[in-house]
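Participant: The listed protein sequences derive, respectively, from chains V and G. Note that our numbering numbers the first sequence so that position 204 is 204, with each residue one more than the last. Note that our numbering numbers the second sequence so that position 164 is 378, with each residue one more than the last.
Derived from the structure by calculation, the hints contain no laboratory data. For each residue, glycine too, the CB sits at the ideal point set by N, CA and C. Wrong hints could be hidden among the right ones.
Short derived list, chain G residues pointing at chain V, Cβ under 10 Å [claimed, not checked]: (1) Met227; (2) Ser251; (3) Arg361.
Listing some non-contacts, in silico: residues in chain V with all C-beta distances to chain G over 12 Å [to be verified]: (4) Arg55; (5) Ile128; (6) Arg136; (7) Pro139.
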Amino acid sequence: MTTPQMPTQQPSPPIDLDRLIACPNCDALYTTPTVESQDKAYCGRCHTVLIAPRRKAGKQLIALALTVLILITAATLFPFLAIDAGGMHHDASILQTAFAFEGALLGLSVAVMMFIVVIPMLRLILLIYVLTPIIRDRPPARWAKRAFGLSEALNPWSMAEIFALGCAVALVKLSDLAQVQYGPAAWLFAILVVIVVVTDSLMCRYSIWKSLDQ
Amino acid sequence: MEVSGSVTTARDMGLVGCTRCYSVSSRGTAHCPRCGSALQSRDRLSLQKVWAWWLVGLMCYIPANLYPMLETRTLVSVQSDTIVGGAVDLARHGNWGVAAIILVASVLIPVVKFVIVAGLALGVWLGPKVPEGQRHFWYEIVEYIGRWSMIDVFVVAILSSLVQLQALASITPGRASLFFALSVIFTMLAAKSFDSRLIWDTGQSDIASNRRTPAVDVKGDLSA
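This is chain V alone, in the form it adopts within the complex (with noise of 0.2 Å):
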């Protein structure tokens, strides 16, 4: 763990701004540190990572999001759940589950689409269009800049594995009621947590903004 120095005097001017990097939940100011591959600098204050490069994080994250990408797809089209009581059968698939509220309640409808199936894709899609030159050396997309503060900004709202743990607690409240069975698209969505949790340890947000800044 490495906690970065403060710089120690007023520097004199010119500042290099290039050299200063600022904690985004407290101010606090630092030379910025040089972090080795798998190393993290803290903020000393209050303990924000604020550099984490992991070498080959780049091709990573890319494998990572085409992964989810194609999970998301699958588990889309295929039915994840499926009922039976009293020899009747049901199954229900993502789409179904989104189209759950009607009347009244349709704009309830929209918004878990949003949050379980639009808005996890466009992030991830925005990310690999954001990675893929820098991975290859080449100058960054047209839009990257905009394209990667986009997925910056939609990351609270990407919900995709609070919606996988939603389907175990339904499973559980149904457990003694009927006979519940898990569909392909159940196991795709328990892989998906996993990823989308390793994904984000992987991201090392200050490293992209820097290899986008040329």
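Position chain G relative to chain V; hints supplied.
Facilitator: Relative to the frame of chain V, chain G by itself:
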């Protein structure tokens, strides 16, 4: 290594830090030269936005608890359950585990979120009673758990799309689901509007100087 007490902030140095890409610019720069996001040393409207979203969120949370969340139709009965009613029902049938999960996810966490966000805003507004490290910890908790409350809405969606067994049993979502979703969205926006750098401004010797900034002048607007 802890660096407290003698912390230099970007503002102290006449600079402004970007909250999106962490780069530093000189004061007065409108947009970050690296990532293009709008730069503000402190979000002056932060507290106003927090209180606005917080209040709307709270207003939605009340009908979310009064209206039914789920309507269950079986051969013999039609039953509509509010969030708490459903949990009580489960507990009466011996399903203590599930009842506890529902109570924690849909009642305890939302209420705790409202309290923490209000506490953080009050801390900046009236001067803190709690050390800044601790307040920052609570801020991160709210940022992290905020989106997970949406799980309830998803569970309702899953249950009502799955349990469609014609006359035998069917579940339809109730009106509370909409209000609950709105309440989660508004509290997420409230937490996002909170400029966490304000926590640290009120920590040290510059509580007095912070009082002078317009960020705390919302007091007049709100009490009116």
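Participant: Which hint numbers does the structure go against, in order from smallest to largest?
Facilitator: When the structure is compared with the hints, none of them turns out to be violated.
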